[in-house]
Amino acid sequence: MAKPMHDTPMLDQLESGPWPSFVTGLKRLAKDNDMMVDLLGQLETSYETRKGYWKGGTVGVIGYGGGIIPRFTELKDEDGNPLFPEAAEFHTLRVMPPPGMHYDTNTIRKMCDIWEKYGSGLIAFHGQSGDIMFQGCSTDNVQPAFDEINEMGFDLGGAGPAVRTGMSCVGAARCEHSCFDEGRTMRMLVNNALDDMHRPALPYKFKYKVSGCPNDCMNSVQRADLATIGTWRDDMKVDQEEVKAFVAKHGRKYVIDNVITRCPTQALALNDDDTLEVNNKDCVRCMHCINVMTKALAPGDDKGVTLLCGGKRTLKIGDLMGTVIVPFHKLETDEDFEWLEELATEILDFFAENALEHERTGEMIERIGLVNFLEGVGLEVDPNMISHPRMNPYVRTDGWDEEVAKWEARKAEA
Amino acid sequence: MSEPRMPIESGVPEMDPYLHPVLKKNYGNWKWHDRPRPGVLHHVAHSGDEIWTVRAGTQRQMDVYTIRKLMDIADEYAEGYVRFTIRSNIEFMVSEESKVQPLIDKLTEEGFPIGGTGNSVSMISHTQGWLHCDIPGTDASGAVKALMDDLYEEFVKEEMPNRVRITTSCCQINCGGQGDIAINIQHTKPPKIDHSQVANVCERPSVVARCPVAAIRPAMVNGKPSLEVDEKKCICCGACFPPCPPMQINDPEHSKFAIWVGGKNSNARSKPTFHKLVAAGVPNNPPRWPEVSEIVMKILKAYKEDAKDWERVGEWAERIGWPRFFEKTGLPFTKYHIDNWRGGRANLNASAHIRF
Chain L
146 MAKPMHDTPM LDQLESGPWP SFVTGLKRLA KDNDMMVDLL GQLETSYETR
196 KGYWKGGTVG VIGYGGGIIP RFTELKDEDG NPLFPEAAEF HTLRVMPPPG
246 MHYDTNTIRK MCDIWEKYGS GLIAFHGQSG DIMFQGCSTD NVQPAFDEIN
296 EMGFDLGGAG PAVRTGMSCV GAARCEHSCF DEGRTMRMLV NNALDDMHRP
346 ALPYKFKYKV SGCPNDCMNS VQRADLATIG TWRDDMKVDQ EEVKAFVAKH
396 GRKYVIDNVI TRCPTQALAL NDDDTLEVNN KDCVRCMHCI NVMTKALAPG
446 DDKGVTLLCG GKRTLKIGDL MGTVIVPFHK LETDEDFEWL EELATEILDF
496 FAENALEHER TGEMIERIGL VNFLEGVGLE VDPNMISHPR MNPYVRTDGW
546 DEEVAKWEAR KAEA
Chain B
340 MSEPRMPIES GVPEMDPYLH PVLKKNYGNW KWHDRPRPGV LHHVAHSGDE
390 IWTVRAGTQR QMDVYTIRKL MDIADEYAEG YVRFTIRSNI EFMVSEESKV
440 QPLIDKLTEE GFPIGGTGNS VSMISHTQGW LHCDIPGTDA SGAVKALMDD
490 LYEEFVKEEM PNRVRITTSC CQINCGGQGD IAINIQHTKP PKIDHSQVAN
540 VCERPSVVAR CPVAAIRPAM VNGKPSLEVD EKKCICCGAC FPPCPPMQIN
590 DPEHSKFAIW VGGKNSNARS KPTFHKLVAA GVPNNPPRWP EVSEIVMKIL
640 KAYKEDAKDW ERVGEWAERI GWPRFFEKTG LPFTKYHIDN WRGGRANLNA
690 SAHIRF
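Top to bottom, those sequences are chains L and B.
Here the numbering used here is used: the first residue of the first sequence is 146, the next is one more, and so on.
Here the numbering used here is used: the first residue of the second sequence is 340, the next is one more, and so on.
Next comes chain L alone, as it looks inside the complex (with noise of 0.2 Å):
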């Protein structure tokens, strides 16, 4: 347990400054620990060649396909020895949190002890995906360490081609804008796919992001392939007491220019006695004018999500946003959490099925076209999908009637 220290002048340059250092962190693991004291070694080294040093493998729990993402040096000399035995292994446990990331001091002083125990004394809160990581663990190890943290009540996440961590805002725990369930709504997505999560056996990853309003603070349209954010449908709430509160505060230049000129459809207007008028009409619930003034407008009161479909970043044909796919729908009784529930295994078999590999959602739906992919999951064709109508001609309209059709009665039931 007394290993000596590398020399690490380029890391310890990371150590000065006010923001604060996982440098000194890693050195300080180091005194105790002598996987860190390794660690450090290797991570001098790739800070001197500019080159990273590990490799995948397969490590894993007993029952469980993912979850674990093993790492392995590649730095050995030249008999095949690693030149920094000690964190020849250092794999990483993905642990779901609760949703929102709430805690109390009390668990998370027992995971500190599991992983002092049996990892490097390394914990990330949170990765990109969302998973506390606890990082650092040699292949023995990850067995124990799993088997302790699941006896606290929690599971591993995603890794691979599978269901991945979903994440949630604060949402409904903290916060007026909140439209729904944000926690309920990611734990039922999430926990009704663990099978896809724990064996890895999609084309690709699947992620499930939840916000509860379109300030989308999980970014969810960008990131996740079924993107579940909160809304409402009836107009939104006006405390004109308030609003004259606010004008009388702020001044009306700050409120015409700051809130009602920046409205993106023109959709608010400043009266004569400094009241705020509001064409709910146009009003396309983008947040702004209640993120301005969060005491005197807040979202209505029949609210419910928005659907989108195929976020994700550039590999491999571009980034792609995720497409409406259902423009409102509540989401407060059993029913509509049901609703949801079925729509996204609908989904989720659609994509297993047809998806090729590697491919994410967004880029398939964009292979097959969305009309394709909305008949596939059972759901209508509704103009709020688009920015605009088709641009070009080529496309064969000899089912124009029967389509009209479905639509004149699609209306008539509503």
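For the record, the hints were derived by calculation from the structure and aren't laboratory data.
Ideal Cβ placement from N, Cα and C applies to all residues, glycine included.
Treat the hints loosely; a few may be bogus.
Examples of chain B residues lying across from chain L (beta carbon under 8 Å, computed) [stated by the list, open to error]:
{"#": "1", "residue": "G481"}
{"#": "2", "residue": "N623"}
{"#": "3", "residue": "P625"}
Start from chain L and add chain B according to the hints.
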């Protein structure tokens, strides 16, 4: 031999046991909020209950000693509950206003910056890098630490026109995500192939299928099945490297940083947008990446001076126009800024709208 322990497939845990009692009591019933000072949120429920949240920056990768110190602070100065934001800031909730200042004082004394709320530059959301990733071109944790040292004042104050959300990524997969400013590795040379290893390690057809520009084809090299890259077609994206490690894309000299601006996830005002390339060829220069900081600070300075209240970086650039963006930031405009990927023509100016 005893039966192996099978996992309890419990999934995402329930939130309730981990929620601050005031949050639990007022779940779904919050009325409004304000920010008494940078780093502090004050929420008021319909019940009249109030909660103050103090937000502090962390290094994300934390040793257990740092975490226990934060938990001690939560027990002694707050009320035993914390949460983390998507950007790895820690939040302490207290139900009495009188607890806010002592909590801030203690966190400050222990070296945790208070801020990251409202119109600040919040903590950079970042990827893993050399510390743990198997395909990294750089070390995000280090680049972020160096940059946050420079941005410290902007984290603890709320003096930007609107919030600034920065991300970094160690390869073009861009796990760091979209950002007002995104700092991402951009490879500039095709992969270097170890032909003796390809047949052993790589499933060749799936590697061929990964390439966005169909530049990879199966080939026999030195009598062994391998892959070859049409280097004229190759866009150096590195997509082939994860499924085929012998196709090394990371290069100590030629893997550079590129800087992107104008990503926005919120629907507020304008629709969500992706970030756009503004600078490339920036050296990958550990341990403190000064060239990256210099460009980021330049962009932020111009944004802070010129943007109107509530304009995000991308909205500011759209209003003043991209020619003026390059003028005001002093960044050079090159042929590489012009999009030639599929659909890229939609990003060209098809009008006579020119600012003079």
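For each hint, the structure was consulted:
no.: 1; hint: G481; result: 6 Å, holds
no.: 2; hint: N623; result: 6 Å, holds
no.: 3; hint: P625; result: 5 Å, holds
In this structure, none of the earlier numbered hints is contradicted; all agree with it.
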